[in-house]
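Engineer: Work out the full structure, taking the sequences as your base and the hints as a guide.
2 protein chains.
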Amino acid sequence: MSAVFVSLEGSEGAGKSSLMRVIRKWLEDRGDTVVSCREPGGTPTGEAIRDILLDCNRSGILPLTELLLIFASRAQLLEQIIKPALAGGNSVICDRFVDASFAYQGGGRQQPLEQIKQLQQLVVAETMPKLTILLDVPVAMGLLRAQKTGAPDRIESEQREFFERVRKAYLRRARQYPERIVVVDASARQSAVRKQVLSILEQRL
Amino acid sequence: MSAVFVSLEGSEGAGKSSLMRVIRKWLEDRGDTVVSCREPGGTPTGEAIRDILLDCNRSGILPLTELLLIFASRAQLLEQIIKPALAGGNSVICDRFVDASFAYQGGGRQQPLEQIKQLQQLVVAETMPKLTILLDVPVAMGLLRAQKTGAPDRIESEQREFFERVRKAYLRRARQYPERIVVVDASARQSAVRKQVLSILEQRL
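Going line by line, the protein sequences match chains A and B. By this note's numbering, the letter at position 19 of the first sequence is numbered 19, and the numbering carries on one by one without gaps. By this note's numbering, the letter at position 66 of the second sequence is numbered 1066, and the numbering carries on one by one without gaps.
Think of the hints as simulated: they come from the structure by calculation, not from any bench. Be a bit skeptical, because a hint or two may be false.
Just the calculated beta-carbon pair ranges, DEER-fashion [to be verified]: (1) L1171/B to K130/A: 45 to 51 Å; (2) A1125/B to K168/A: 24 to 30 Å; (3) P84/A to G1089/B: 50 to 56 Å.
Only some residues are given here: those of chain A computed to face chain B with a beta carbon under 8 Å [unchecked claim]: (4) A48; (5) I49; (6) I52; (7) R58; (8) S59; (9) I61; (10) L62; (11) T65; (12) L68; (13) Q76; (14) E79; (15) Q80; (16) P84; (17) Q120; (18) V123; (19) A125.
Glycine included, every Cβ here is placed at the ideal spot set by N, Cα and C.
Structural biologist: In structure tokens form, the structure reads like this:
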């Protein structure tokens, strides 16, 4: 088996965390050494950037600043973790990656997609996931689920319309890149979602 | 008098702090309301980014991450402070601005200038200083002076060759933009430097 780069995407309450473990286990079961990471964050510098981004007291962060901070965290993660891991023959699973910028900063914050594409070219270039699983869930259901996991951070505190735009932008990305992004109906029960994800892994990897 | 945007540039030990006050006073004496700021930093979010950038324990920050963090801080400063101040008829003096990215990240860290230009276009666009005063001082003298002001931060801890490249890149910028950037010999005594700066302000503004 050759090392693969898989990203898992989805908005609040989509159930990413438990599926990260499912994907990890599937890859390990086939013999891969797996490096898991998350965005924003995943490196000491990235986690310090994450703290700025999610701090509820920072209501003044402007959309372009947010976008640049996320790509700063991504640059660090790519060079320090993702690229070395792949080069060393390991598989990588990332909890959110560049599609999240198109969804949250592009859709949610309505930053021009052209800006995001430029930064993607500058920072990510060719190091794209081979497979991206998008957990799609209606906004109301996602927010309800997310409420149960604790106090919301700065981004989770956004209004419902924000998350509707995020969801729409995610689904648009999936239509644009069907060879890479697979949408999973995450409103189903956990066991059914898990089954869907496993079947995607079997088919695609 | 119309509001102006002035930036002050120079590497370690060039004497920027005291000249910020000289420029401020000159502008106030002619009747301007003056907003001073610094980079990286100058806003609550920018200062949090500055803390990451200057933290000596963060030896792992990669050049591209550093560049993106500086432009994130700059985006915030431009939208929250510089643009509103200028729009309100105030003059702005900034302790370092975009030329510093070409000097430190371009010269010092040897990041491709094309990347810096792209980010400049994305973040700064037309909001460039009318006048930039570059305090030039031989590296050995600058470092000696800077040592007296306390423990060095992450960037001040760089090797001498780094600062030689920074100085060269600053001087290259000055040759490229002679209509905007004026070089001041900051190795002279303080009173002579001050006089040079005042005479530049008289001639250029």
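Engineer: Answer holds if the nearest beta-carbon of chain B is closer than 8 Å to that of E79/A; otherwise answer violated.
Structural biologist: This hint holds: E79/A lies near chain B, its Cβ roughly 5 Å from the closest one there, short of 8 Å.
Engineer: Quick one, is the S59/A hint okay against chain B at 8 Å, beta carbons?
Structural biologist: Since the shortest Cβ distance to chain B is 10 Å, the answer is violated.
Engineer: Let's test the interface hint: is any C-beta of chain B closer than 8 Å to that of A48/A?
Structural biologist: holds (5 Å)
Engineer: Do the numbers back the hint for I52/A, that is, is its least Cβ distance to chain B under 8 Å?
Structural biologist: holds (5 Å)
Engineer: Against chain B, run the beta carbon of Q120/A and see if the smallest gap drops under 8 Å.
Structural biologist: Result: violated, 12 Å to nearest chain B Cβ.
Engineer: So, as I understand it, the hint says I61/A touches chain B; can you test that by seeing if any CB pair is closer than 8 Å?
Structural biologist: holds (5 Å)
Engineer: Is the interface hint for R58/A satisfied, with its Cβ closer than 8 Å to some Cβ of chain B?
Structural biologist: holds (6 Å)
Engineer: Between A1125/B and K168/A, does the C-beta distance stay in 24 to 30 Å?
Structural biologist: holds (29 Å)
Engineer: Look at the Cβ atoms of P84/A and G1089/B and judge whether their distance stays inside 50 to 56 Å.
Structural biologist: holds (52 Å)
Engineer: Once the shortest beta carbon distance from Q80/A to chain B is found, is it less than 8 Å?
Structural biologist: It holds, given that the least Cβ distance between Q80/A and chain B is near 7 Å, below 8 Å.
Engineer: Checking hints one by one. Is I49/A an interface residue toward chain B, by the C-beta closer than 8 Å rule?
Structural biologist: holds (7 Å)
Engineer: Return the status of the interface hint for V123/A: holds when the least beta-carbon distance to chain B is below 8 Å, violated otherwise.
Structural biologist: Since chain B brings a Cβ to about 7 Å from V123/A, closer than 8 Å, the hint holds.
Consistency note: the structure conflicts with the earlier hints numbered 8, 16, 17, 19.
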